[in-house]
Amino acid sequence: MTTGSLLGPGRDPLNAWKTKSNDALELKLVRTTEDGTISGEEFAPEFTYPVFGEKEEIFGYRDLHVKLHYAAGSLATYFGIEYAQQYDERTRKVDDIPQLLSEHMSPGYTDNYDAFLDTVRRDETEFRPFGEKFYEYELDDRDGSGTNDGVVFEMYKCNFSTPGCKQYHKRIQLFLLWFIEGASFIEDTDPNWDLVFVYEKRKRNGQDIYSVVGYMTYYPFFYYPDKKR
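Per the numbering used here, the sequence shown runs over residues 33 to 261.
Computed cross-link-like contacts, BS3-like style, restricted to lysine-lysine with a CA-CA straight-line distance of at most 25 Å:
| # | residue 1 | residue 2 |
| --- | --- | --- |
| 1 | Lys233 | Lys60 |
| 2 | Lys235 | Lys60 |
| 3 | Lys99 | Lys60 |
| 4 | Lys87 | Lys99 |
| 5 | Lys189 | Lys202 |
| 6 | Lys60 | Lys87 |
| 7 | Lys189 | Lys165 |
| 8 | Lys198 | Lys165 |
| 9 | Lys99 | Lys202 |
| 10 | Lys60 | Lys198 |
| 11 | Lys189 | Lys235 |
| 12 | Lys99 | Lys198 |
| 13 | Lys233 | Lys198 |
| 14 | Lys99 | Lys52 |
| 15 | Lys87 | Lys52 |
| 16 | Lys125 | Lys52 |
| 17 | Lys189 | Lys233 |
| 18 | Lys60 | Lys202 |
| 19 | Lys165 | Lys235 |
| 20 | Lys202 | Lys233 |
| 21 | Lys202 | Lys165 |
| 22 | Lys125 | Lys99 |
Pair by pair, the computed Cβ-Cβ distance ranges are:
| # | residue 1 | residue 2 | range |
| --- | --- | --- | --- |
| 23 | Tyr255 | Arg154 | 44 to 52 Å |
| 24 | Ile113 | Phe211 | 16 to 24 Å |
| 25 | Gln117 | Tyr255 | 55 to 63 Å |
| 26 | Gln131 | Asn237 | 37 to 45 Å |
The hints are simulated quantities; they were obtained by calculation from the structure and are not laboratory data.
Backbone N, C-alpha and C define an ideal beta-carbon position, used for all residues, glycine too.
Given only the sequences and the hints, what does the whole structure look like? Please build it.
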């Protein structure tokens with residue numbers, strides 16, 4: 033596990049209570065493996081300033097870890113905070129991490145990791161992509177090892193009136209802030225937006241299991257054929 037790096041040492045004793053938010057934030061897409069165990073690789077964000085400010089630091093904690101783990105299919109979310117010590121708030125208020133994240137996160141996450149893992153397991157049989165499938169492609173040997181069966185990727189189109197699509201988009205859009213500089217959220221009250229999600233599909237015991245790998249949004253509009261767009 034990567035430990036949030038302390039800023040400093042410097043001369044300011046408060047530096048010991050400041051953590052680079054890019055280091056503290058732990059992202060993970062969690063799924064089950066062939067033998068039924070839980071698997072997920074940690075990765076770090078490129079940017080955290082939209083949530084934690086231009087300095088990309090969090091004040092008030094030592095050895096801080098902020099965990100955002102997602103079920104790889106449904107994107108059901110676990111949010112947890114771990115730290116070794118918290119600064120005495122009688123002299124200075126610490127950063128309210130849940131409040132800062134709640135301004136951008138979809139509601140409905142859990143702080144119970146066992147309950148989260150139960151959801152990951154249920155995803156195997158219960159989660160299905162939203163909308164209408166319009167394309168698929170296959171990679172025969174994704175990691176180049178020569179030992180894997182083909183992996184199928186399916187593309188689905190939906191909009192905010194599609195059942196479940198709006199809530200799913202609320203969960204995935206936070207990744208924009210972590211990895212695209214200057215990104216902002218679109219208005220999900222505008223019915224003209226269309227969305228495309230790409231899923232990896234694997235088959236296990238005759239059951240299709242889906243994991244999201246990416247998405248895009250686009251805004252259709254009319255133009256006259258003889259005019260420039």
